[in-house]
Every structure is written in C-alpha cells, then in structure tokens.
Amino acid sequence: MTAPVHEARALAYLARQDAGPPPADAEERADWRAELRAAHDDYRAGRAIVVGVDRLDMVRRAVQAGRYDARDHQGLAEALAAVEHGCMSSWRTTPYGLVWIDNEF
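Taking our numbering, the leading residue of the sequence shown gets 1, the next gets one more, and so forth.
What the hints contain is simulated information worked out from the structure, not anything from laboratory work.
Nothing here was measured: the structure is a model prediction, and the numbers come from that model.
One should not assume that every hint holds.
As the list claims (entries may be wrong) - Simulated restraints, written as ranges between beta carbons of each label pair:
| no. | residue 1 | residue 2 | range |
| --- | --- | --- | --- |
| 1 | Glu28 | Gln64 | 36 to 44 Å |
| 2 | Arg71 | Asp31 | 39 to 47 Å |
| 3 | Asp54 | Ala26 | 22 to 30 Å |
Yeah, the Cβ is synthetic: ideal placement off N, Cα and C, and Gly gets one too.
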C-alpha cells in the first residue's frame with residue numbers, strides 16, 4: 001500500500017461497503033443511512049481493532065494503543081501468528097489502510 005494510513009476514512013469506507021449502494025427510492029434511503037451509520041458506529045466502537053499498512057504493522061499499532069497485549073509472545077511475528085491461529089479476526093483492505101476486524105464483536 002502506498003497511500004498513508006487514515007483510520008477515519010478506512011472505517012467510513014468499510015461501513016459504506018457493508019451498506020452497499022444507496023437505494024434509488026428516496027423512502028428507502030433513510031433506512032440505508034441508518035444502516036450505514038450503525039456499521040460505522042460498530043467499527044468505531046471496537047469492531048475495528050486498528051488500521052495499518054500490513055498485519056505486522058497493525059499488531060505493533062494495537063500494542064502501542066493498548067488494544068492488544070503481546071507480552072506473552074517473543075515478538076510481533078509470534079503475536080501475529082497467535083492472532084491468526086485464534087481465528088477470531090479478519091483483515092479487510094481499504095484504500096486508506098488494512099483494517100484488523102474483531103469477528104467476535
């Protein structure tokens with residue numbers, strides 16, 4: 001990824017992807033906007049752990065932000081392997097960074 005990481009834009013992008021395209025019918029747009037807002041609020045409330053350049057960068061950022069405790073691991077690579085092994089996370093790519101998603105949220 002060559003663009004700088006931008007957390008707010010990345011989360012807004014994911015919410016927009018989750019909500020899909022806006023409906024043509026004006027009456028349905030209010031429900032669509034509510035769905036979009038709810039998805040964005042979920043990401044901001046903790047469903048998105050962190051945004052970074054790649055998975056190792058995200059583990060580093062999550063440790064620095066206090067969102068992940070890597071003290072039981074020898075290094076970031078081992079911490080990432082533990083996260084991947086746990087199968088409770090996923091990663092989604094946006095134009096604004098890679099987003100670490102908590103699947104258990």
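Hints and how they fare:
1. Glu28 / Gln64: 36 to 44 Å: Given range 36 to 44 Å: holds, Cβ gap about 42 Å.
2. Arg71 / Asp31: 39 to 47 Å: 45 Å, holds
3. Asp54 / Ala26: 22 to 30 Å: Violated - the Cβ-Cβ distance for Asp54 and Ala26, about 42 Å, lies outside 22 to 30 Å.
Going through the hint list in order, the structure does not satisfy hint 3, though it satisfies all others.
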